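We have chain F already, so just place chain D on it with the hints.
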Amino acid sequence: MPSATASVPPPTRTAATRNLGLLAIAGSVVLALLGLIFTAEDVDQGSSVRIMYVHVPTAWVAYLAFVFTAVCSAGHLWGKKHSLNLDRLAGASAEVGVIFMGVTLVTGSLWGRLSWGTYWQWDPRLTTTAFLFVTYIGYLAVRGLGGTQRQRAKRSAIVALFAVLEIPLVHFSVVIWRSLHQQATVLRPNGDVTMDGLMLFSLIFGVAVFTTIFAWLVLHRNRVLAMEDAMELRGIDTALAARRSEEVSS
Amino acid sequence: MDLSPRQPTVGPAESSRPKSSRRRWISMGILAAAIVAGGVVVTQFLSSAIDYYCNVDEVGVRDGCESDRRLRVQGTVEQGSIKQAAGTTTFEMSFNAVTLDVRYDGDPGGVFQECIPVVAHGRMVSGVFLSDRIEVKHSNTYVAKNKNRLDEAEEAADACSRVG
Numbered sequence: 001m002p003s004a005t006a007s008v009p010p011p012t013r014t015a016a017t018r019n020l021g022l023l024a025i026a027g028s029v030v031l032a033l034l035g036l037i038f039t040a041e042d043v044d045q046g047s048s049v050r051i052m053y054v055h056v057p058t059a060w061v062a063y064l065a066f067v068f069t070a071v072c073s074a075g076h077l078w079g080k081k082h083s084l085n086l087d088r089l090a091g092a093s094a095e096v097g098v099i100f101m102g103v104t105l106v107t108g109s110l111w112g113r114l115s116w117g118t119y120w121q122w123d124p125r126l127t128t129t130a131f132l133f134v135t136y137i138g139y140l141a142v143r144g145l146g147g148t149q150r151q152r153a154k155r156s157a158i159v160a161l162f163a164v165l166e167i168p169l170v171h172f173s174v175v176i177w178r179s180l181h182q183q184a185t186v187l188r189p190n191g192d193v194t195m196d197g198l199m200l201f202s203l204i205f206g207v208a209v210f211t212t213i214f215a216w217l218v219l220h221r222n223r224v225l226a227m228e229d230a231m232e233l234r235g236i237d238t239a240l241a242a243r244r245s246e247e248v249s250s
Numbered sequence: 001m002d003l004s005p006r007q008p009t010v011g012p013a014e015s016s017r018p019k020s021s022r023r024r025w026i027s028m029g030i031l032a033a034a035i036v037a038g039g040v041v042v043t044q045f046l047s048s049a050i051d052y053y054c055n056v057d058e059v060g061v062r063d064g065c066e067s068d069r070r071l072r073v074q075g076t077v078e079q080g081s082i083k084q085a086a087g088t089t090t091f092e093m094s095f096n097a098v099t100l101d102v103r104y105d106g107d108p109g110g111v112f113q114e115c116i117p118v119v120a121h122g123r124m125v126s127g128v129f130l131s132d133r134i135e136v137k138h139s140n141t142y143v144a145k146n147k148n149r150l151d152e153a154e155e156a157a158d159a160c161s162r163v164g
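From first to last, the protein sequence lines are chains F and D.
Under this note's numbering, residues 1 to 250 are what the first sequence spells out, in order.
Under this note's numbering, residues 1 to 164 are what the second sequence spells out, in order.
Pulled out of the complex, with its shape left as it was, chain D reads as follows:
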């Protein structure tokens, strides 16, 4: 029997052949793109995700947290420390009883507030951390907002200031 490949014709069996071939090429393209994307993700993971930030008390102390390089620093915003003037926000953030002065040109926005952990991106200049990006690191606790709970939240904020 002659089993050599045939040119496509109008029959149902033959017409499906180029379609499957096209599908295979598309799959190979998607697979190649996925491998490249996976490589990019892994590269980003190794360069950025491991040790995403330094805590305030590690700045200038821990390897990788040298104060002469660009850093991401994590700490809790001190109660009563937020001041906004002329488009600049300054505040103190602390971790393990160590406090750092932070200056950010702009309004951090979002849910930025006192007693909330944040990650600030920037550099140390003359003892002040000049930040160009603030990320709010919200907790894994979810509390419904209602009158009683607001009272509890205010009590929690007071407790935060006492700890700070």
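Excised from the complex, chain F in its bound form:
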């Protein structure tokens, strides 16, 4: 039935992404069991510490996503071919990063209410994180400002290379300024980790799970963006062909 298959867009999945997705789902189930059942409560914070197994991994993977966006943007700007696929990967990564950063802010707010007694304060860590989130929403808006695909790729790559400079500011904000937010527990300059064994394992496992989810979403989103770009080019080609045929017939 060729007419039926021609009208259905091709799927964005492959065997590899399907397996990656299954891995992400299985990992999420195990993480939920670790976070909600197998790990103990914290002496001071009680059960609210369980939010950490989502809050911290999503923050780290959002950083990873924004760094990946910057690397792909640099690859597009300074690569010999100025690859548009790198631009699409940058955009897909930023989109997923913004979602993860949003999850970080929401879970952090809930955790803050339980431990600090407030949903939000304009302290250095929270403020710089909010600024990072807003910056990447701006980056995604810049991507949609129109123009050719090459214009989009160039201007958004420049924005991405500036935006990524905020990440060290966010991470070290608790060291540079006095903050309500606690200092780093794992990524400490002296390498001394102040967290119990199973808690630390669950946290690292959470990072692995959210990294897998990130990779899965970015691969699919990149394929969707490639299709959108192809559709746009096909639309232009169709319009030009129509004009040429009109010119010939007149």
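Each hint should be verified, as a subset may be incorrect.
In silico negatives: residues of chain F with every beta carbon more than 10 Å from chain D [stated by the list, open to error]:
| # | residue |
| --- | --- |
| 1 | Val29 |
| 2 | Leu34 |
| 3 | Leu64 |
| 4 | Ser115 |
| 5 | Phe172 |
| 6 | Leu225 |
| 7 | Ala226 |
The calculated lysine to aspartate or glutamate pairs, modelled on EDC-like cross-linking and capped at a C-alpha distance of 20 Å, are [unchecked claim]:
| # | chain 1 | residue 1 | chain 2 | residue 2 |
| --- | --- | --- | --- | --- |
| 8 | D | Lys83 | D | Glu114 |
| 9 | D | Lys145 | F | Asp196 |
| 10 | D | Lys145 | F | Asp44 |
| 11 | D | Lys145 | D | Glu114 |
| 12 | F | Lys81 | F | Asp229 |
| 13 | D | Lys83 | D | Asp101 |
| 14 | D | Lys83 | D | Asp132 |
| 15 | F | Lys154 | F | Glu232 |
| 16 | D | Lys145 | F | Glu41 |
Rather than coming from a laboratory, the hints here were simulated on the basis of the structure.
Please read all numbers here as calculations on a predicted model, not as lab measurements.
Glycine included, each C-beta is placed from N, C-alpha and C at the ideal position.
Then chain D, alone, in the frame of chain F:
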């Protein structure tokens, strides 16, 4: 060839044009909102986030920590100092061997307890810090709650009282 813009028709190429235009306007709106939000965040950062609090020993001593203005003061809650009566919580908090009496109308709630660092918002009145908001500044150490660890925590609390 005539390249003047055409009115939208039912064809796939033409129908995508107004959609892309609408998308561009939405993007411009989001960008404008992001710039405004960024400005608000930066303003809040400059007015609130830098030097988020004064330590107890800096009240009335350090620039920006004058005792006649509204302050955010950080210190550790002294062991055995918490008293609750008639809906009011009083406690002592200290930092660098300097102690401050704090009065809070209400129950701080959350994980507020002895030997934990807190940030109190309020004003100095007659040598007492009248607070209308208490934030618990928990540490970056995570310890699993079980029987042995509870013993360790109690030992740590004893150590806290000895230091205080």
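Which of the stated hints cannot be reconciled with the structure, identified by number in ascending sequence?
Violated hint (a single one): 4; every other hint is consistent with the structure.
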